[in-house]
Amino acid sequence: QVYLVESGGGVVQPGRSLRLSCAASGFVFSSYGMHWVRQAPGKGLEWVAVIPFDGSDKYYADSVKGRFTISRDNYQNTLYLQMNSLRAEDTAVYYCARVSMPYGLDVWGQGTTVTVSS
Amino acid sequence: DIQMTQSPASLSASVGDRVTITCRASQDISNYLAWFQQKPGKAPKSLIYDASSLQTGVPSKFSGSGSGTDFTLTINILQPEDFATYYCQQYKSYPFTFGPGTKVDIK
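Chains as they are written, first to last, in our numbering: chain V, 1 to 118; chain G, 1001 to 1107.
The set of hints was computed from the structure by calculation and includes no laboratory data.
Some hints here could point you the wrong way.
[Said to hold, decoys possible] Derived Cβ-Cβ restraints for the label pairs, each shown as a range: (1) G:Ser-1065 with V:Pro-14: 42 to 50 Å; (2) G:Glu-1081 with V:Ala-23: 24 to 32 Å; (3) G:Glu-1081 with V:Gln-1: 15 to 23 Å.
[Said to hold, decoys possible] Straight-line C-alpha distance at most 25 Å; calculated SDA-like pairs for lysine to any residue: (4) G:Lys-1092 with V:Asp-106; (5) V:Lys-43 with G:Ser-1060; (6) G:Lys-1103 with V:Ala-40; (7) V:Lys-43 with G:Gly-1016; (8) G:Lys-1092 with V:Ala-61; (9) G:Lys-1092 with V:Tyr-32; (10) G:Lys-1042 with V:Arg-19; (11) V:Lys-43 with G:Ala-1009.
A quick note: this is a predicted structure, and the numbers were derived from the prediction, not measured.
Note that the Cβ used here is the ideal one computed from N, Cα and C, for glycine as well.
Take the sequences, apply the hints, and build the full model.
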């Protein structure tokens, strides 16, 4: 069975940092690109970032560029999202998702909640 | 960036109905379009990729069509478990963008 399990969410003050993790199992993690997608309370889905299988070219949404960094450890089968200079508008459930072309974002984690509040 | 719109924003339907949701891209995305279903408190579930291909395990009551800028998702014989929010997403170019969603609820 293919699983993605996010962790690291919590309540953090504006301006502080947080690192999310996404543990993968049941597939060859090092062969797949990975994405982060978030969803603010009561809102729709917002794409955040992508990292290819080898960690080379990364892309970010404009809303997080320069503040968030996506990375991966293919030995630990884990995806990360380092979030710095957090803002209230970063409050959301953060999902990691596997990309498998041509199938798109075919496997999603259950999400981890980040709340930015003083 | 490619903008995605969906219509309607919400709709009310009865069990057994057929519903159609429309998604439009601000520029040509060929067939690089996916549809997702999301139920409250749950992660999105991929239904369709490449505009019209069904993900493994997704029932054939779901179908997608379109290319270029205009796409549709059709759900035949609506069942109680189909009441959810549906999102389209383009993956022609970064940033990948989602439509605002269409909430399907019970009439």
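Under the criterion that the straight-line Cα-Cα distance not exceed 25 Å, is the pair Lys-43 (chain V), Ala-1009 (chain G) satisfied? holds, 12 Å
Given the hinted pair Lys-43 (chain V) and Ser-1060 (chain G), is their Cα-Cα distance within 25 Å? violated, 29 Å
Could you say whether the range 42 to 50 Å given as a hint is met by the Cβ separation of Ser-1065 (chain G) and Pro-14 (chain V)? holds, 45 Å
Agreement of Lys-43 (chain V) and Gly-1016 (chain G) with the hint, judged by alpha carbon distance not exceeding 25 Å: violated, 28 Å
Is the hinted pair Lys-1092 (chain G) and Asp-106 (chain V) satisfied, with a Cα-Cα distance of at most 25 Å? holds, 16 Å
Keeping to a limit of 25 Å between CA atoms, is the pair of Lys-1042 (chain G) and Arg-19 (chain V) held or broken? holds, 22 Å
Given the hinted pair Lys-1103 (chain G) and Ala-40 (chain V), is their alpha-carbon gap at most 25 Å? holds, 16 Å
Please test the hint of 15 to 23 Å on the beta carbon pair from Glu-1081 (chain G) and Gln-1 (chain V). holds, 21 Å
Do the Cβ positions of Glu-1081 (chain G) and Ala-23 (chain V) conform to the proposed distance bound of 24 to 32 Å? With Cβ atoms ~29 Å apart, the hint holds.
Would the hint linking Lys-1092 (chain G) and Tyr-32 (chain V) be met if the CA-CA limit is 25 Å? With Cα atoms ~18 Å apart, Lys-1092 (chain G) and Tyr-32 (chain V) stay inside 25 Å; holds.
Pairwise hint evaluation, Ala-61 (chain V) against Lys-1092 (chain G), where the allowed Cα distance is 25 Å at most: holds, 15 Å
Checked against the numbered hints given earlier, the structure breaks hints 5 and 7 and satisfies all the rest.
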